[in-house]
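Protein chains in written order, with UniProt numbering: chain L, 1 to 577; chain G, 1 to 212.
Some clues are possibly wrong.
[Unchecked claim] Computed list of lysine-lysine pairs in PhoX-like fashion (alpha-carbon distance at most 20 Å, straight line): (1) L:K420 to G:K204; (2) L:K420 to G:K150; (3) L:K573 to L:K306; (4) L:K201 to L:K175; (5) G:K194 to L:K222.
[To be verified] Derived, one-sided and incomplete: chain G residues facing chain L with beta-carbon distance under 10 Å: (6) K150; (7) S163; (8) I170; (9) N202.
Hints in this document: simulated from the structure, not taken from any laboratory.
From the three backbone atoms N, C-alpha and C, an ideal C-beta is built for every residue, glycine too.
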Amino acid sequence: MTDELYILQSSEVYDAIVVGSGISGGWAAKEFCEHGLNTLMIERGRVVKHREDYIGEGKGPWEFPNRSKVNNLLVEQQHKIQKHCYAFTDATKHFFGNDRDLPYTTEEGKPFHWIRGNQLGGKSLLWHRQSYRLSDFDFAANKADGHGNDWPIRSKDINDWYSYVEKHAGISGSKENLPQLPDSEFLPPFEMSVPEQEIQKRFAQHYPDRPMIMGRAAHLTKPTQLHMQQGRVQCQARNECQKGCSFGAYFSTQSSTLPAAAQTNNLSIAPNSVVHSLIYDEKTKRVKGVRVIDNDDLSTREYYAKVVFLCASTLGSTQILLNTKTKSFPNGLANSSGVLGHYLMDHNYGAGAGGRLDGFENEYYSGRRPTGLYMPNFRFKPSRYSKKYVRGFSFGASAQRDNWQGMRYNQGVGADFKNKLTHPGGWSFGMYAQGEMLPRYENQVSLHPTKTDKWGMPLLHINCEWSKNEIDMMHDAADLAAEMLTKIGLKNVSSYTSYKDKPPGLAIHEVGTARMGHDPKDSVLNNYNQTHDVANLFVTDGASFCSTSTQNPSLTYMALTARAVDYCVKEMKNQRL
Amino acid sequence: MTTVSNDQTANTVNLSEASRRQFLQKMLGLACVTGSASMLSSCALKSADNFVKTKSEPVNSRVLFNEGQMATLFAIGDAILPRTDTPSASEVNCHHFVQHQLLACHARDEQQACVEIVAQIDKSSVDKLNKPFALLIPAQQQALLTQLEKGQGFTDQQQGQFSLLKALIIFGYFTSEAGATQALNYQAVPGGFKGSIPCDENTKSWGSIDYY
Numbered sequence: 001m002t003d004e005l006y007i008l009q010s011s012e013v014y015d016a017i018v019v020g021s022g023i024s025g026g027w028a029a030k031e032f033c034e035h036g037l038n039t040l041m042i043e044r045g046r047v048v049k050h051r052e053d054y055i056g057e058g059k060g061p062w063e064f065p066n067r068s069k070v071n072n073l074l075v076e077q078q079h080k081i082q083k084h085c086y087a088f089t090d091a092t093k094h095f096f097g098n099d100r101d102l103p104y105t106t107e108e109g110k111p112f113h114w115i116r117g118n119q120l121g122g123k124s125l126l127w128h129r130q131s132y133r134l135s136d137f138d139f140a141a142n143k144a145d146g147h148g149n150d151w152p153i154r155s156k157d158i159n160d161w162y163s164y165v166e167k168h169a170g171i172s173g174s175k176e177n178l179p180q181l182p183d184s185e186f187l188p189p190f191e192m193s194v195p196e197q198e199i200q201k202r203f204a205q206h207y208p209d210r211p212m213i214m215g216r217a218a219h220l221t222k223p224t225q226l227h228m229q230q231g232r233v234q235c236q237a238r239n240e241c242q243k244g245c246s247f248g249a250y251f252s253t254q255s256s257t258l259p260a261a262a263q264t265n266n267l268s269i270a271p272n273s274v275v276h277s278l279i280y281d282e283k284t285k286r287v288k289g290v291r292v293i294d295n296d297d298l299s300t301r302e303y304y305a306k307v308v309f310l311c312a313s314t315l316g317s318t319q320i321l322l323n324t325k326t327k328s329f330p331n332g333l334a335n336s337s338g339v340l341g342h343y344l345m346d347h348n349y350g351a352g353a354g355g356r357l358d359g360f361e362n363e364y365y366s367g368r369r370p371t372g373l374y375m376p377n378f379r380f381k382p383s384r385y386s387k388k389y390v391r392g393f394s395f396g397a398s399a400q401r402d403n404w405q406g407m408r409y410n411q412g413v414g415a416d417f418k419n420k421l422t423h424p425g426g427w428s429f430g431m432y433a434q435g436e437m438l439p440r441y442e443n444q445v446s447l448h449p450t451k452t453d454k455w456g457m458p459l460l461h462i463n464c465e466w467s468k469n470e471i472d473m474m475h476d477a478a479d480l481a482a483e484m485l486t487k488i489g490l491k492n493v494s495s496y497t498s499y500k501d502k503p504p505g506l507a508i509h510e511v512g513t514a515r516m517g518h519d520p521k522d523s524v525l526n527n528y529n530q531t532h533d534v535a536n537l538f539v540t541d542g543a544s545f546c547s548t549s550t551q552n553p554s555l556t557y558m559a560l561t562a563r564a565v566d567y568c569v570k571e572m573k574n575q576r577l
Numbered sequence: 001m002t003t004v005s006n007d008q009t010a011n012t013v014n015l016s017e018a019s020r021r022q023f024l025q026k027m028l029g030l031a032c033v034t035g036s037a038s039m040l041s042s043c044a045l046k047s048a049d050n051f052v053k054t055k056s057e058p059v060n061s062r063v064l065f066n067e068g069q070m071a072t073l074f075a076i077g078d079a080i081l082p083r084t085d086t087p088s089a090s091e092v093n094c095h096h097f098v099q100h101q102l103l104a105c106h107a108r109d110e111q112q113a114c115v116e117i118v119a120q121i122d123k124s125s126v127d128k129l130n131k132p133f134a135l136l137i138p139a140q141q142q143a144l145l146t147q148l149e150k151g152q153g154f155t156d157q158q159q160g161q162f163s164l165l166k167a168l169i170i171f172g173y174f175t176s177e178a179g180a181t182q183a184l185n186y187q188a189v190p191g192g193f194k195g196s197i198p199c200d201e202n203t204k205s206w207g208s209i210d211y212y
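If we strip away everything but chain L, and leave its shape as in the complex, we get (with noise of 0.2 Å):
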């Protein structure tokens, strides 16, 4: 890829264009600009680019001057909301958000965690990719016990658009057949070390319907000649992704689909550009275009197109259309509805447990394994529900041998606790559940009434909370896997609950806000993302979700972003659009 790709002034009528560039974005470019399109992409953060930008990779520990752990001083000032996610260190922290920069308010005593990647890619840099299809009790939850609105897609509509996304983004997982977990078209999965393995035949033991399996990850494990051809080689199990991976190991898009839309030559890209408001002409009922503020400078510019889909992430996209007011639209552009900005949902991974597992003292791994075990939701339908609750959890799982992080605060001085300290010790195996949020109209964001930002865009002020549904669930997860570690064997089981110590946000998995819906009066897409207001605009990131299911949302991203193209794609060649 060339700079040529890069852009600043433009007048010229692009066939779309693409507001952001992480995972929903990186596929609605490559997806138009393979249909011959001319795309422009536009992203408001500066460009990062493939290994060269990955500047914290493949560093040991001692090259950090705080080994790793950020600055009091930078986290005080800039990332005071960024620090609280796992993977913020000294090594990832510039593809992470400055909070400094990004305000936003939450309602008074109910703390919201918005994690930021504001940069070309996004935060496909950052993500776990961790990748799972919803299933038909995913897409039928709503309508099955009256919480939020129905899909207005089933498996059939989208499994198709699974597998192509699947072949070209590269998924690891194993075959299983689960009614609740369809699979994806895999590379072979990680292995289990043999406690692991040991773990999951007495788990098919004791509970048969609660299979533990290998989680399904975006790393080539196996790459195939399609992935080789975007520049891409075997994962090598650093398991460092979020520094950049120069493998190209995991998807990303700068590693996958970056580059596939950049060959086509029909790609430009827009960087810098914090896209204010959409420029929607009252008389065509069509929006024209999009309004950009200079991340720099703060000059102002606009960018012209027959189309446009906003993948700018979940609160970003949303955040975009209730700034854009107009006579027809007083409340937001395409929230006839009044919808836009509710039905915000995350991830409750509020629970787990964990115990020691006697043995294997000859057992080892070698490697670090970007992904760990998944216990999909057993309670995935009406009639395996909680008395308690509704919907359901899956657990993320792990074994390993313990090791100095964990010993050192074990008592002991001298050689022979040294000599303790460098080998590894006993396995301990841990569940971490991931529950399901209801959509409730309560959880919303909407435009600061006053307060702007420094590029004059209105905050985003967020008013959500975990409801008693999330909490009793979370209980119930700690309880089960306590029991469940119990059950098959492992010694001194704890459990434990943080859903007070991690609010909503934290899990990266904000979703809804504008979601799809059969019915214009309570919905803001349609079954193809296409706003039910103005046809030539699409929304196809996380604000589209009509429910969280348990598992991470990204793969439908790609897969949902991907369909809307081929939808948007016929509807322009028939005239339609």
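Take the given structure of chain L and dock chain G to it, following the hints.
This is chain G only, laid out in the frame that chain L set:
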């Protein structure tokens, strides 16, 4: 791949020959006064030399530990992680790392806790054994720290303070280059994940881990 730059060098200053001599004299002076030269084996001298040469630049040039406390901290580190077939804590400069890290990344109450426990350890040593902690023989140092860990003659709060300090020393040790690559087995690029490899009592732990 990105070029590896040594950020650590930015964090070291070369003290003048005069300051270096001053430090050694101070250490020697202490030893002569008390008549115990045992701590100043050639190894300790080498460490002391290293101590001066690689002295960290504290954040905002603030210091937490005065020179006496730094000598105690130096000795605490080596009592916890002595030289074996791999370097000791002081040989990888843990004492200065602890000061740097407390100032750079820890809250004020944690900084204070570490200063207090270092002073307390030295005071206990003088009270019980009539010698500064740094001048006890290693067995005495380790015995005193063991009493502290077990709460014998120390308060719960002091136990907690020591746990924090000890954890930070150990963190500093195993994230140093020698700690991560000599004391442990460091794999920068594992080449893939293997779920099962042979392991016996001589197998070292991985020094390369996911998140430090």
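State the violated hints by number, sorted upward, taking the hints as numbered earlier in the document. Going through the list in order, the structure violates no hint and respects every one.
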